[in-house]
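Asks: Sequence:
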Amino acid sequence: MNLNQHPTLDQLCKLVASVDDDRYSHILFVTKDGEVHLPPLRADTANEDILQFVLDSFMISKGYLGWQAAQDPEWMDELFSELNAHWVEKTIGFAWQSI
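If you number the sequence shown the way my numbering does, the last residue is 108 and the count never jumps.
Treat the hints loosely; a few may be bogus.
[Stated by the list, open to error] Here are the simulated DSSO-like cross-link-like pairs (lysine-lysine), alpha carbons at most 27 Å apart as the crow flies:
| no. | residue 1 | residue 2 |
| --- | --- | --- |
| 1 | K99 | K41 |
| 2 | K71 | K23 |
| 3 | K23 | K41 |
| 4 | K99 | K23 |
Think of the hints as simulated: they come from the structure by calculation, not from any bench. The structure presented is a predicted model; accordingly, all values stated were derived computationally and were not measured.
Can you make the complete structure from the sequences, with help from the hints?
Replies: Have a look at this one:
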């Protein structure tokens, strides 16, 4: 999913559904070119040379990720809105969010 290429809510739902919420904690970040990533949270996850902003980290088994989370339209709308708002605002670093 790329925020420069007219992203859709469906793309975000597929990204969220693709991760295993019960296996790892994950970090949601966006690179300077607009690419959205949701890898397992590790010390070497994001290269700061390409990092635009980090939206959030999601701890294991909290229900924010995975196929069940992707089926929650309110949660997906909130997450999608936050990603797009921070991209438009050109947020750098950690993105404080309202969700």
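Asks: A separate judgement is required for each hint: does it hold in the structure or not?
Replies: A quick look at each hint next to the structure:
no.	hint	in the structure
1	K99 <-> K41	9 Å, holds
2	K71 <-> K23	18 Å, holds
3	K23 <-> K41	22 Å, holds
4	K99 <-> K23	24 Å, holds
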